[in-house]
Amino acid sequence: MDYDAAVNYLKNSMIYQMSLGSKELFHSNVWAWLIENDKNFIKVFIPSFEIANYKDGENIWARREDKNRDILIWLEDNNGEKQHIVIENKIKALPTVNQLEKYTVNLGDSSFLHGVLTGIGPCILDLEKPDGFDFKKLSGKWSYVNYEEIANKILEIATQSTSGIIKNHFDQIEEYCQILKCINLILDANINKHKNCLTYDCDYESLNALRIADIFKKHKGSQFINYVKDRKNELEELKPEGYWLIIGQSFHNGKTTLDIRFSNWTNDDTPYNLLGVQIEGDQFRIVAEKNIHVEKITADNIYESLKNEWFDDSYDKDKNKTIFGNQTTMKPRKGKKYDAYITDKYCSIYQYYDVSKAGNDYESLFESIKFYISKASTLLKNM
Numbered sequence: 001m002d003y004d005a006a007v008n009y010l011k012n013s014m015i016y017q018m019s020l021g022s023k024e025l026f027h028s029n030v031w032a033w034l035i036e037n038d039k040n041f042i043k044v045f046i047p048s049f050e051i052a053n054y055k056d057g058e059n060i061w062a063r064r065e066d067k068n069r070d071i072l073i074w075l076e077d078n079n080g081e082k083q084h085i086v087i088e089n090k091i092k093a094l095p096t097v098n099q100l101e102k103y104t105v106n107l108g109d110s111s112f113l114h115g116v117l118t119g120i121g122p123c124i125l126d127l128e129k130p131d132g133f134d135f136k137k138l139s140g141k142w143s144y145v146n147y148e149e150i151a152n153k154i155l156e157i158a159t160q161s162t163s164g165i166i167k168n169h170f171d172q173i174e175e176y177c178q179i180l181k182c183i184n185l186i187l188d189a190n191i192n193k194h195k196n197c198l199t200y201d202c203d204y205e206s207l208n209a210l211r212i213a214d215i216f217k218k219h220k221g222s223q224f225i226n227y228v229k230d231r232k233n234e235l236e237e238l239k240p241e242g243y244w245l246i247i248g249q250s251f252h253n254g255k256t257t258l259d260i261r262f263s264n265w266t267n268d269d270t271p272y273n274l275l276g277v278q279i280e281g282d283q284f285r286i287v288a289e290k291n292i293h294v295e296k297i298t299a300d301n302i303y304e305s306l307k308n309e310w311f312d313d314s315y316d317k318d319k320n321k322t323i324f325g326n327q328t329t330m331k332p333r334k335g336k337k338y339d340a341y342i343t344d345k346y347c348s349i350y351q352y353y354d355v356s357k358a359g360n361d362y363e364s365l366f367e368s369i370k371f372y373i374s375k376a377s378t379l380l381k382n383m
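Numbering (this note's numbering), first residue to last: 1 to 383.
Please keep in mind that the hints were generated in silico from the structure rather than gathered at the bench. A hint or two may mislead.
As the list claims (entries may be wrong) - Here are the simulated DSBU-like pairs of lysine-lysine, each with C-alpha atoms no more than 35 Å apart in a straight line:
#, residue 1, residue 2
1, Lys55, Lys239
2, Lys232, Lys102
3, Lys218, Lys43
4, Lys193, Lys181
5, Lys11, Lys55
6, Lys239, Lys43
7, Lys90, Lys153
8, Lys345, Lys370
9, Lys345, Lys255
10, Lys195, Lys55
11, Lys337, Lys375
12, Lys345, Lys331
13, Lys153, Lys102
14, Lys141, Lys375
15, Lys67, Lys55
16, Lys82, Lys67
17, Lys218, Lys337
As the list claims (entries may be wrong) - DEER-style ranges, computed between Cβ atoms:
#, residue 1, residue 2, range
18, Ser314, Ile246, 27 to 35 Å
19, Ser314, Thr378, 57 to 65 Å
20, Asp109, Asn208, 46 to 54 Å
Beta carbons are placed, not taken as given, at the ideal position from N, Cα and C, and that holds for glycine.
My request is simple: use the sequences and hints to build the entire structure.
If you want it as structure tokens, here you go:
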């Protein structure tokens with residue numbers, strides 16, 4: 001099936017429309033249901049799994065949202081040893097190694113047997129392949145399987161299943177598998193349209209119609225933020241005493257927001273400083289933040305204390321539409337040279353330039369981040 005056919009298939013699928021209420025939850029529910037009705041479906045996620053080791057499947061239970069896992073499969077082998085398998089369904093964003101490590105633990109008297117990460121297209125996390133996919137930085141055994149692979153394997157097992165329930169629902173299962181393949185094809189094509197570049201250029205007409213544009217944006221942001229985390233040590237080396245490095249991702253007003261900052265925040269009632277970079281959509285923001293209700297200062301006070309050293313005071317929305325030589329589409333309020341987000345407790349002010357005009361390849365972006373993080377470190381040491 002080609003790209004256009006995949007788009008049309010999803011537009012015309014009632015089951016796909018039913019899945020949109022909670023995308024990850026919907027798919028995890030289907031997988032758990034399949035496993036509960038035929039234990040062979042565990043092989044969708046772990047092809048080498050031997051059901052015969054568990055009294056022919058009698059001692060296998062699939063549970064949803066158990067112990068904060070998307071799917072938790074409880075096992076008791078023929079020797080009475082209790083084990084479990086974790087399946088983490090990540091369609092919206094890539095997990096961090098630390099997130100997966102939290103699931104790589106024993107639960108009471110049940111030992112961790114295997115973890116499975118699912119997602120769109122090839123996994124970009126740090127992988128090696130001596131025996132399937134093993135995550136280098138994880139203490140337990142993990143593997144990765146994408147939606148197309150899941151669809152193919154579900155259909156293969158469903159075709160051979162002796163379960164009456166599976167047989168009775170084979171047509172719906174077949175349609176569901178086609179949906180998975182289409183989702184994988186469409187998102188993978190858009191996510192990899194510009195490899196190693198942070199750009200949100202895509203087929204928005206189709207993605208919006210299918211209500212998956214947010215997934216595309218979150219994946220693009222996750223790919224770059226994971227690139228930054230892989231080089232985290234280069235930024236940690238610049239950390240001033242008493243501060244810590246924040247690297248995070250969020251989603252606001254239909255845009256992916258990426259934060260790389262130094263902060264010494266402890267609570268809302270103690271003065272703190274925050275300097276760093278925020279990339280939201282195409283905006284490369286140079287950010288400063290303080291809790292103004294404690295220090296009794298204004299956004300203008302923050303700007304005046306940091307202009308020229310941190311902010312570009314030569315910016316003029318009529319005569320000089322650049323921030324430190326980079327083109328900007330920033331349009332601040334009349335008489336201001338910055339934009340701001342102000343609450344009753346804190347004030348975050350920023351200037352930004354346009355990523356698409358300054359260079360959006362990963363290496364260039366990281367070097368820009370490193371430049372401003374180094375600059376922030378010097379300023380914070382003197383505050």
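Hint by hint, here is what the structure shows:
{"no.": "1", "hint": "Lys55 <-> Lys239", "in the structure": "violated, 55 Å"}
{"no.": "2", "hint": "Lys232 <-> Lys102", "in the structure": "holds, 20 Å"}
{"no.": "3", "hint": "Lys218 <-> Lys43", "in the structure": "holds, 29 Å"}
{"no.": "4", "hint": "Lys193 <-> Lys181", "in the structure": "holds, 18 Å"}
{"no.": "5", "hint": "Lys11 <-> Lys55", "in the structure": "violated, 43 Å"}
{"no.": "6", "hint": "Lys239 <-> Lys43", "in the structure": "violated, 46 Å"}
{"no.": "7", "hint": "Lys90 <-> Lys153", "in the structure": "holds, 18 Å"}
{"no.": "8", "hint": "Lys345 <-> Lys370", "in the structure": "holds, 29 Å"}
{"no.": "9", "hint": "Lys345 <-> Lys255", "in the structure": "holds, 24 Å"}
{"no.": "10", "hint": "Lys195 <-> Lys55", "in the structure": "violated, 47 Å"}
{"no.": "11", "hint": "Lys337 <-> Lys375", "in the structure": "holds, 20 Å"}
{"no.": "12", "hint": "Lys345 <-> Lys331", "in the structure": "holds, 25 Å"}
{"no.": "13", "hint": "Lys153 <-> Lys102", "in the structure": "holds, 28 Å"}
{"no.": "14", "hint": "Lys141 <-> Lys375", "in the structure": "violated, 41 Å"}
{"no.": "15", "hint": "Lys67 <-> Lys55", "in the structure": "holds, 25 Å"}
{"no.": "16", "hint": "Lys82 <-> Lys67", "in the structure": "holds, 16 Å"}
{"no.": "17", "hint": "Lys218 <-> Lys337", "in the structure": "holds, 30 Å"}
{"no.": "18", "hint": "Ser314 <-> Ile246: 27 to 35 Å", "in the structure": "holds, 29 Å"}
{"no.": "19", "hint": "Ser314 <-> Thr378: 57 to 65 Å", "in the structure": "violated, 20 Å"}
{"no.": "20", "hint": "Asp109 <-> Asn208: 46 to 54 Å", "in the structure": "holds, 49 Å"}
Checked against the numbered hints above, the structure breaks hints 1, 5, 6, 10, 14 and 19 and satisfies the rest.
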